[in-house]
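Participant: Sequence:
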Amino acid sequence: MFGSKIDLFNKEWLDVIFAKKNKEYGAYELRRQNGANTSRALLFASAAFIFLFLLPKIVTLIKGQLPEEEIVKQVEVTVAPPPPVDPKTPPPPPVEPPPPKTDQIKFPPPIVKPDNQVRDEDPPQIEQLKAADPGQKTIEGDPGADIVVVGPVGEGPKQAAVVEDTKVYDFVSIETQPGFPGGMDKFYAYLHKAVRYPPMAQENNIQGKVFLSFVVEKDGRLTDIKVERKLGGGTDEEAIRVLKASPKWTPGIQNGKPVRVKYNIPISFTLSN
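Letter by letter, the sequence shown follows residues 1 to 273 in our numbering.
Since the hints were made in silico from the structure, they are not lab data.
Where hints are given, some of them may not hold.
Claimed, not checked - Straight-line alpha carbon distances no greater than 27 angstroms define the calculated DSSO-like cross-link-like pairs of lysine-lysine that follow: (1) Lys101 x Lys218; (2) Lys167 x Lys248; (3) Lys209 x Lys248; (4) Lys244 x Lys218; (5) Lys226 x Lys248; (6) Lys226 x Lys193.
Put together the whole structure using the sequences plus the hints.
Facilitator: Right under this line is the structure:
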């Protein structure tokens, strides 16, 4: 009896082992269902192994049924170099700049209107028409415009000659010198009102003159302000500040046109007793 193989999970042996014991305890049910659980585990493991073994073939089969992706061909484009420039080929004609504005007085053609829509306006006088051309509306000319020379009609396109005078003249060598509006007395009155004596110069009793140079532009602005002879104590910076804040001057005139003029001037700093 003892030499034969004993199946401890047989129902008869289980009943003998768990006789007079609580069969509702988990060990009795686990041993009783051991065979069924083992069979199900083998079945699931076999199915999983077969599925994993056949998975690559399934994927290959699915890919074979999908449409092939379009292959994008890249074509290299070679840009041809531009043709050589023929030196004998004439250049294109230049674009002529528009002529400068000239004074015009409004003198439109007569238009017949009902009396209730007519507004009385004084017609331009003869003296006004002598100095300006009649036009559709009143236009102020540009006295500082560049001179534009246009060739006669019928001779083909010509390059317009634009003459722009950017030279800085010395104030003693021009026809009409620049000046402050109202004269230099007005300018010194402006300096007396605008100059603020620097505190450092007051504390150190610094007095004297700051010599400056600047350029009076065609429109009367003061630019390129420089200190030619310094005094110190903050007076040099104050002199520059006052000139930058100065009203526009009357520009210098050369050949009937405004020009740039260099001007020199001293500004005095004096402490009153």
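Participant: Hints first: check each against the structure and report whether it holds.
Facilitator: Quick rundown of the hints versus the structure:
1. Pair hint Lys101 plus Lys218 holds up; C-alpha atoms about 17 angstroms apart against a cutoff of 27 angstroms.
2. Restraint check: the Cα-Cα separation between Lys167 and Lys248 comes to about 20 angstroms, which is no more than 27 angstroms; the hinted pair holds.
3. Between Lys209 and Lys248 the alpha-carbon distance is near 23 angstroms, which keeps this suggested pair within the 27 angstroms criterion.
4. About 16 angstroms separates the Cα atoms of Lys244 and Lys218, which keeps this hinted pair within 27 angstroms; it holds.
5. Taken as a hint, the Lys226 and Lys248 pair is honoured in the structure, with Cα atoms around 18 angstroms apart against an allowance of 27 angstroms.
6. Restraint check for Lys226 and Lys193: satisfied, since their Cα atoms lie roughly 22 angstroms apart, inside the 27 angstroms limit.
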